[in-house]
Structures are given as structure tokens and as C-alpha cells.
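**Q** Residue-level listing of the chains:
6 protein chains.
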Amino acid sequence: MEGIMIERDDKRALNELRNIKITTNYIKYPEGSVLIECGDTKVICNATVNDKVPPFLRGKGKGWITAEYSMLPRATGTRNMRESAKGKLSGRTMEIQRLIGRALRTGIDLDKLGEKTIIVDCDVIQADGGTRTASITGGYIALALAIDNLMKKNRLKENPLLGNVAAISVGIVKGEPMLDLKYSEDSVAEVDMNVIMNSKNEFVEVQGTGEEATFDRTELNKMLDLAEKGIKELIDIQNQAIGEGINEI
Amino acid sequence: MEGIMIERDDKRALNELRNIKITTNYIKYPEGSVLIECGDTKVICNATVNDKVPPFLRGKGKGWITAEYSMLPRATGTRNMRESAKGKLSGRTMEIQRLIGRALRTGIDLDKLGEKTIIVDCDVIQADGGTRTASITGGYIALALAIDNLMKKNRLKENPLLGNVAAISVGIVKGEPMLDLKYSEDSVAEVDMNVIMNSKNEFVEVQGTGEEATFDRTELNKMLDLAEKGIKELIDIQNQAIGEGINEI
Amino acid sequence: MEGIMIERDDKRALNELRNIKITTNYIKYPEGSVLIECGDTKVICNATVNDKVPPFLRGKGKGWITAEYSMLPRATGTRNMRESAKGKLSGRTMEIQRLIGRALRTGIDLDKLGEKTIIVDCDVIQADGGTRTASITGGYIALALAIDNLMKKNRLKENPLLGNVAAISVGIVKGEPMLDLKYSEDSVAEVDMNVIMNSKNEFVEVQGTGEEATFDRTELNKMLDLAEKGIKELIDIQNQAIGEGINEI
Amino acid sequence: MEGIMIERDDKRALNELRNIKITTNYIKYPEGSVLIECGDTKVICNATVNDKVPPFLRGKGKGWITAEYSMLPRATGTRNMRESAKGKLSGRTMEIQRLIGRALRTGIDLDKLGEKTIIVDCDVIQADGGTRTASITGGYIALALAIDNLMKKNRLKENPLLGNVAAISVGIVKGEPMLDLKYSEDSVAEVDMNVIMNSKNEFVEVQGTGEEATFDRTELNKMLDLAEKGIKELIDIQNQAIGEGINEI
Amino acid sequence: MEGIMIERDDKRALNELRNIKITTNYIKYPEGSVLIECGDTKVICNATVNDKVPPFLRGKGKGWITAEYSMLPRATGTRNMRESAKGKLSGRTMEIQRLIGRALRTGIDLDKLGEKTIIVDCDVIQADGGTRTASITGGYIALALAIDNLMKKNRLKENPLLGNVAAISVGIVKGEPMLDLKYSEDSVAEVDMNVIMNSKNEFVEVQGTGEEATFDRTELNKMLDLAEKGIKELIDIQNQAIGEGINEI
Amino acid sequence: MEGIMIERDDKRALNELRNIKITTNYIKYPEGSVLIECGDTKVICNATVNDKVPPFLRGKGKGWITAEYSMLPRATGTRNMRESAKGKLSGRTMEIQRLIGRALRTGIDLDKLGEKTIIVDCDVIQADGGTRTASITGGYIALALAIDNLMKKNRLKENPLLGNVAAISVGIVKGEPMLDLKYSEDSVAEVDMNVIMNSKNEFVEVQGTGEEATFDRTELNKMLDLAEKGIKELIDIQNQAIGEGINEI
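Protein chains in written order, with the UniProt record's numbering: chain E, 1 to 249; chain H, 1 to 249; chain F, 1 to 249; chain P, 1 to 249; chain Z, 1 to 249; chain W, 1 to 249.
Since the hints were derived computationally from the structure, they do not count as laboratory data. Possibly wrong hints are sitting among the right ones.
Intra- or inter-copy, both count: the list cannot distinguish identical chains.
Under the rule of at most 25 Å between Cα atoms (straight-line distance), these lysine-lysine pairs were calculated in the DSS-like manner [unchecked claim]:
id, residue 1, residue 2
1, Lys222, Lys11
2, Lys174, Lys112
3, Lys116, Lys62
4, Lys62, Lys153
5, Lys116, Lys28
6, Lys153, Lys112
7, Lys200, Lys222
8, Lys62, Lys28
With the sequences and hints as input, model every part of the structure.
**A** This is the structure:
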């Protein structure tokens, strides 16, 4: 029953985000760089501008955004073998980096970007649930800083940014829909959903999975309501960080 | 405007499935084998029963379902290089086979299966859109035939099947939500969504992506309504094919 | 003694081919496509025309024919791991696809083909012995259909086909030379020989191996006589299928 | 002439280390974790304790120390492709991680460690010269914290640490021997030498290379004198950090 | 016309072998070691005895013979990239090493060998045609020396050798069948055939290929006659070398 | 005590090299080819001249020297798996071939070489300690022969050789510094050092490692004295071999 809510590990309300901390211009070399901390999840997002585009876009005057995602071996409780040592990326890694790239591309006008590729590297140095959504939320900030950098150097005629893209996880834990799951919640969740939205309150991507359980239309709607609330807050945080990051330099 | 609907290539109504044809016991060796044809999309689904389980399940008395997905090089209009020749699976392949495995696992009680792995191989011999959803819908039939096979050989105490799992794609093409996109529609769709449901009308997985566009809550709901209708029809087709396949042997 | 012949599983005479069935234009996209069934061995042969040639032929006005061979994991009684998942082709696969390519190249005038590559993909969906010889026999039909396709589109000045190439296995089982071994025979054969010939009754390739035994000159000659008879029949079947396949379109 | 010394970018004396900053217990999961900053070079060193040993040590009651080294793609001025995406480690990476492991093993009594492996992961998040020596200096601190952790949990009978191991680079730039080269110096150095020493003022490893030039015995001796001075200072810094790190928890 | 024979580069008769030189016990560590020189073709053949057998033979009391084949990068006129650097074996290498292994296994009673694997490494240090047949002829000598070594150490109850295995190439050059082709002949041959026979004058393997041309039954017979003559001579040379090699130690 | 020196396996004095034997023009195809034997260590060094340079040097009018190193599987007492079969180079191999290339580059004026790459392949056919230093010493001879070859063919305006580069190992065994360790000494050495010097008595590279022990400044100096003596002798041997090799052709 909704009246009797379960208590969360960190005392948060069911519709409450974890504490978010953004450090802009974290690494000195990239065109855009951010350390995003969502509770104990910490991701370094670095945006690199490259004057080449992938083969399928050559000569079309259009740009591209792509992403790569990785975790340090001890970002988690038990050490994971490096994918460089295994000699190949896991399915999970590829799925996540395709998702991040797809999401960030909706935030930019690729024609206005022109023949450039922006690579957004998301490296998780500490993981506590929600690393892919933190990568998208932080990745957008790194992207915006890189675009500002290009604008200041007159390497773009028009600003190609179309508006924020941010992401959050929602899920159902012990029958209760809740926002922004940390690892202890995520690992016991019946349903896990990642929602990506933009500043026009539209969906960019919705991925809901119930491996241990299934979910009905009513539960889907409750989760989408929670995600919408969280993403509005994240967009405010993004905009404040971008403003500060731009002024720092 | 909804009153003036766009005409589809193959004259189907917007909420109409393509013609579905199921050939059970298609290949003679597997424990369960099906050729599923959804319009011009043709997928061979073979279920293999194996007495080993992955390391994380050893000694727990519990089984596992996993899936592999591949396309013949000329399943499509232009030839794709083989992943065996490239020496690695693409991100797309890994994402799809993880999805198929996850979906099929919700249709079975892994404790009742016991220490067995069922591998569902989905090999696309001709592709015309919707290959991953056809793989899930056909894969469930191959799985059910393999379970029937195990039951007949007294290798299971209780039937572990929990009920059908089926999948369909929906999308928005030229502003119009529609069911079961063929390739010519899929390649111009603004939004593409794969919906997996079970026989209790619950969601197993929802994956909606708008790379070229975004979508709002109303559009999401229309797409989910279409998917629900299509999946009910697919479940009827699955049940008829399973009944026939069981009697053939 | 030859008078007392051993009985074969399927009652065939020692010099009798299995039943051959050819379905032309099996897959809708390739320039030439065939499903060849030799008894329970079933191979999809798809020919793709490509306007590039390998580096060693660039700028020489000469074409190339190459082949790739693969088996579905459950084409056989026990499941084989995919070569794409292993990350490399087995020695057996490479040996077979080099053989198919070499054989088919003798059937065509590469100068008349001009700077084009034709890739013949042979995918075994069910295996019951003789998959490499069925791939060559079926591959030639797919190649001939692709050439007809190029001729009809005026992409060739002259027909480059030099005449049929077909292949069959022969072997010695329990001391008895016999034609067209099915798996149950092949797996107990003392000697296994693959013979590839052309429509001028000449040898293209002869590969005879006695891993468990050796063979003398008399036995070699008997096997070659059987092969010659079988290949004449296969060439008639090829020509009939090519004629029908050309008229279908 | 030695009397007229060249001025360094950052005004340091020729025998002066960059500013060193150590943050102990930087990542929350590892048994020992440190962020070491040497000027603008920043390396996360995480020590993981594992109860298995490599095959060649099994059943011998002896432990092992190994190291892995990696750089984030944008740790440097231009982006480096990930080794996980390339599918293999570069020669440089392998050489460095073998060096780190070899160096750290001299700081510990492997018999007293018992059948355990400690893996020291060194991940460079920002590089400005001297990443391999910073990895060794920081890696020793992470190792010491992990050992303290094992001692507190009574997982070791005796403390296996034999004393500090630290490393520094020295080189000859424009004819002038100098200590602790930053990237702008390293990239124009005639001679580059990495020196690893222990708390008994003994050499653990000396690697001097003159790709653009060669060096004589006098120059070698000057470089070793500089290294000796730097390493004494680093050992003091290590000891202070270890003391603080132990008390923090 | 047969009466007017073509002259060979090195003045040999059409049915004459190149000069063969065998250095036994060439490398000091292997159980059997030989340098075989056939004209300018030089191959080091080393036989290693290993107490393990491949998984499919474990616990069956039966042994195994396997072979590996490689060429030094400059064994040929132009340098070949190392297969270790490419990260995979070529189809040619795999085909050759499977052939060598298969051939040598016919020379030994695997039951009498017991649970041992003998690996025959064939490393071509200089290539001038016929490297695979030289590997088989030399490999048999290395194998025989290794067996003698095992007999002397009482590691075998009975001698498992069944008799010599030797191989030679034959071919048709400018219409003329000839024995033992050197590279300048092989590269212009119309037909190339490798024949492997044993000391009972039986065929072990026959592989005849006509990539540029085809061949008829008469030509096949002439080539087999030449091969038979050459192999008899090779077997005498093998036996003399084995005798000397055994006495050397 | 230094007065009582330990006796070496092969009765050599502590400052005595093993017997060195050089066979020039060993393999017939390479531009420079040498078999170097240092006691029982035998390495084939082949230099190949290539008209391409690596991407980072294109269009700069400058050449490059690179090296590759490999061991035959049975170059050692127990068989090592081939790196081609493993699909990747070991860290040890990469470290050694980078070292050889770096060393040989100091012996040549890359501007005078012009846009050419010389690849020096070092293939160890028998190993008894000191394979990397033998590769450098022999590799320089192969390089010098290849340069002579280019000079004779007028493919170079000026001789780019700057003078000899040679290498030797030194170490401390049972407390005693000694020159040119054979495997039985190397495997029990407390300290192992590779020293590379040129004909001006300057250091090219110094790599000293004490995995089992450490070493002090006095010991370092003694080892460097031994190395200096050995390298002077090696340079004389190199010069004699180069002179003979040049005259042979």
C-alpha cells in the first residue's frame, strides 16, 4: 500500500535524487571535462573534438557524437578484469556506450556541428548504481563545455546545441516504485528502468526491464512520473554547472 | 491528422501484423526447432539442451536460458561481413542476444528447469525488419518444443514453462504510430520501439528510442496500445504452432 | 569381394547419389541464391557481386571469385560453438572455404569477368556428410545465376562462364568403395576422398585422405570411377536448375 | 657549462621534485587506495587482495604482487584510442606494468604474505611525465594500506613489508642532468632514466635510455646522484601518507 | 611432345629429386631434432614429448601426434608479416599443419604410444618450394628419434612406429609432369600435387590441384608414378639419417 | 671474499665472454643475414629493406629501423606455445623487440637513410641465456650488411652508419659480478643487467634489475666495468665479420 512506504538505505524519499556534485574542467587537456558524482557513483566525462568523421559521413558536411564507457577494475566491490586484458569489450559495455552516444546525439544539430566528431569518454572511477545515467547527464555537460570552447575559438558558425539531455534510473523495489536507485537497491529491484529526456520534457529513450519480474501499465506510468520529476532537477543542475564551467576558463 | 492515415507499402492497416508463418521441427537435430517467417523476415530458431550451467549457477540446482543471434551475410540488401571473419561480435549483435535471452528467461521457472542450460540460436536467413522481435517470438516456440521434448523423456519433474513471451516492434513513421514495421518503414521511422509482453498482458521489456526525433507521453501510450494488440495475436499463433509441433513427432 | 556388397543405411547402391533437390532464388536479396539439399545435407549458397577486387588484382582488369563457408551451431547432432563467439575461424573452415573458392574459379574466365569480385557464401543449415562438395555443386549454380543476372543488366560484355564445376565425395567403408557418403558412413570410412571435376570430365582437384588407413593404386582408381559417374549426374542436375532459375525471374 | 643552469618551465631547481600530493583511501572499495599527484600527473593506485595465486605458485605457501597500468584516453593532450577497443595491450603498457610489479615485489616478503595475490591497479587520469614512477611510488602506498588492512583483520601472522620502494625519473635536457622531468622536458630529453630504490638506499632497478643521444659514465653518475636525493624525499612523503591513511579508517 | 623434354633450372632430370641433406640432433633440447635441406628449402623439425593428451583422448590410454608449421619472415624473397603480429594463423598455415599431423599419425600406433602427445614443430628458415613435403619427410625423422629416445629411457613398452611416412611434390610445368618442384617451377606450374606415401608403397594422402588448369586421368597417373619413385628414395634417406642420429647420442 | 672466486660451469673467467661464432649471409634472401652463436645461444638475424616508412615519418625524408624478436617453441628446455597460436605477443617479446629497435637506431643516421625502413628479424633457434643481447650484437651486423648492399646498388648517397652498437649481459651470481651469463647462471642471478654501448665507449642503454635482490653503487660500477670490457671485444668481432661478409658476395 502506498501509504506505508519502505525506508531507503540512505533515508531518501522515494522520489528524491541522491546528492549530485559536478566538478567542471576536471582534467586539463580535454575540450570539455567534468567529474560527476551522484551519491557514491563517480564518473569522469571528457569530451574530445576531432576533425574527422566516420566513413559513412565523409563529405556530407555533417558531424557526429560518439561515446565510450569504461569502469576502473576496482570501481566496484569485487575487482573486474580489464577489458583491454580480455582483448574485447563486453556486451554490457557496448550496449551502454551505444546508448550514451545515441542519447547525446539528440541534443545537438549535427549539420550545424559540421565535419567534426566529438567523442565523450565516460570513465567510472567509483560505481554505486546508475553509472550509465550519470554518464549521460555528465556527458551532456562535457559536450556543452566543448561546444562553448569551439564557439569561443570561432570554430563553429552557429551554436549546434538543441537543449539539455539528462537521464535517470527508476525501478520497483519490494513492490515500490522509486527514483535514482543506488547499488544496494538496484541489485534487488524487480524492475529497472532507464529514462532519458530532454529539456522539452520529451522522451529520448525509455528502457524498462523486468528480469526477475514483469510490470503492468500502471507501474510503468508511476515510474515515468518519477523519472520526469528527477530529470527536471538534473537539468537545473546541468545548467548551473555549465554556466560555472564556462566562466572558470 | 489521424483521420487521414498514410498508406503502407503492403496495404496493411496501421494496427495490422504482417503474415506470420511457423514451420515447426524445421532442423532435425535440435531439441526444439522452428522457422518463423514474419512477412519477408525469416529466422531459424533452434533450442539446444545442455547439461551444464554457467559458473555462477553451478551447484545451485537452477537452470539457465541464453540466446545467440546472427544474420547470414546476405540476409540483407548489401552483404555484411561475417562476425567470425572480423573476429568479434558487434555491439548490435551482443545487445540483441542479451535481449532475447533476458526475455525468454522470464517465460520459465529456472528452479524447475534444474541444472540445465537451454541455448536458443536465432539465425536470420532473410531480414526485412523486426528480426529481434521475430527471434523472441520464434525462440519461445523452440523453447516450448524443447521443454516438451524433455518432459516426454522424463528429464523434468514438472513443466517449468510460466506462459508465453512474445515481442513486436511499433514505431512512429511520418507522425503516425504503427504496428510491426518492415524494413522500408523502420529505416525512415522517427521513433522505434520494441515491446516484449507475456500471456498475462504484462510488460517484460520496453525499449523505445528516438534517434532522429523524440516522443511524448501520448505517443508512447499509442505505441503501447498497438503493441498490446499485436502481441495478443502473436501469442495465439505461438500456441497453435506449439500444439502442432508437439503432435508432429 | 565385389559380388557381395554391403548394404547402405538408406538402401542406396554403392554407386548411387543421394536424392538432390535444388531451390533456386531461395533468398530474395543476393544476385544468385540457391538452397541445395543432398539427402539431409542442406546448404544455402548465395552469390554477391561486388565492384571491388582484392589488392593484388587492382587495376589489372581481372575479376575474382571467393567463397565463405559456415555451419549453423545446430546443423549437427551436438551444438558447435559459433566461430564469431570464439573470435576466429577454425582450420577446417578456412581449408573448406579456400577449396570452394579455388574450385569455382576454374569455372570462370576471370578476364571476361572484369574488375568484380563474386563472393559465394555457403551456409550449412543442416549437415549429414558432404557439406563441402554440396557447397561447390550448389555454389556453381548460385554463381551461374549471378552471371545471368549481370548479363541481363548488361554489366558484362561476354559470358565468362567456362562450364560446370561440381564435386562429390567418395570413400572406402568396410573395404568397399562407395559414392556420396552420408555422415553415418563418413564417420566410419577408412578412406575419404573429395573429387571436383568439370564438364569436360577433367579433374579440378582431388583430395584423398586415409587417416585410419591407407589405400593403394587400385582402390584409388575405383574411387575415381565412382566420382566420375556421380559428377556427370550432378552436372545434369545443375544445368536443369540453372535453366529453371533463370526463367523464374 | 654547469655554472649557468638552464631555467625550468616551472622554475624548479634542477634537483627539485615537483609538488607531491597524496590522497589516501581515495576510492571506497579497494583494500588500499591512493590518488597520487606529482605536479599535473595524477594516478589512482588501487590495491586488491585476492586469495588465489598464479598457477606457478599454487600450493607453495607463497604470495604474489602484480600490477596493471592504464591511461584514460584523454589523460594526454591528444586522445589515445583505448586498448580495450584495440583488443590488445601496447608494448609500452606491458613493459610498464611488468616494471611496476617487479619493483613492488622487492618491497615485500612473499613467503610472509602467504597464498594471496595483491593486484595494484595504476590508472593515470592525467599525464604530465613520470607516470610510471608515480605509479610505483603511489602503488607502494596502496600496497602498504592493503597490508595494514590485512593485519587489522588478522589475515596475516607477520607484517610482510620489507621497507619502502619509490621511483623517480631523471634525465639530461640540453646537456643538463635534472630530476623529475615533466612532459615538456621529457619530450626533448637526450637521455631518460628511471631509477627505483628502496629505503636502504639500494637500487631495485635502473633503466637508462638514450634514443636521441648516448651518455657517458660521468653523466650516468650525476643522474644517479639526483635520483638518490629525490627518492629519499619521496620515501618521507610515502611514510607520512601511510601513517595518515592508516589512522583515517 | 614427350621426346623433347624441357630443361630444368638446375639441370635435374624430370624424375630427379633435389639434393637432400639431413642434420640430426640439430637443436640440443628437443627429444628429436632434425634440419632437413631439400635443395635450398631448409626446415628445422623438432619433436617434443608431452605427457598430456588433448581432451577428446583423456583417459583412453591412447596417444596423439600433432604438428605446427611456421616460416621465418624472410624465409622467402619478400618478407611476410609474422602471424604472431597479425594475431592469427593464416588459412594456409592451418591447412599445412593439419596435413603434417594427419600424415605423421599414420606412421605410429597411437595405442602403443600411450597417453602422450608428440608435437612436431616444423619451422622453415629458408623456402624454395616443397616446404610442406619437406616438413613431413623431416618430421618423420624427428619423430623416429623422439621414439628412440623414449625407448632408451624405458618410457615405452613396445616400439609404436609402423613404418616410414614421406612426402614429395609433383606437378605439370609447361605440359610436362615433373618431380620435386622448386619455387621457380612451382610458381608457374599448371598442376601441383602433394603425395604422401608409406614404406608399404601405399598412399597416405593425395592432394592435386589445378588452379590455372585441369588435368586428366593420364596426367594424374604420370604424376603418381613420379611421386612413387621419389618417395622410395626419400625413405632410404630417412632410414640412413635415423640410423646415424640414433648412434650419435 | 673477492679473492676466492667461484668457478663457472664452463670454466670461464668471471670477465670472459663465451665463444662467439658469426656466419654471415646465412639465409639467401635477406638484404643482410647473420647466424650469431654465443656459446649455445643461436640467433638468426635477418635485415629487410623496405621502401615504406611508418605513418609518423611519411614525407619527412627520414628512415626508420625496427626489430622483431621471436623464439622457436623448442629453443628452450621446455616447449613454449607459439605466440601466433596464442594470438598475441607476450609482454616479454614486446619489451625485447622495442629494446633491439631502440638500440640499433642509435647506430644509424636516419636522415641519411632516407625514406626506408629496415626491419631486423631476430629469431632465436636455440636459447642459453643472453638472447636479447646476442640479437642486438648480431642485428647490428645484419644491418651493416644490408647498408653495404644498398651502397653497392647506389640506393644511398652517403653511408648512414654511425658506428657499432653491441650489447652484453652482466650480473651478480652468489655475490660475484660476472660477464655474459649463460642460462644456468642467469636463472640463479641476484642481479641481471643488460648493457648496450657503442664504438665510442658510450652507453646506449643500461637496464639493471634485481628481482630477488637489490644492488648498491659499488656493485653497479663493477658490473659496468665488466660490460665495457666485453663490449670492446664484441665490437672487434663484429667488425671482422662485417668485413668478411661484405667480401663474400
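**Q** Against the structure, test the hints numbered earlier, and report the numbers of the ones violated in rising order.
**A** 8
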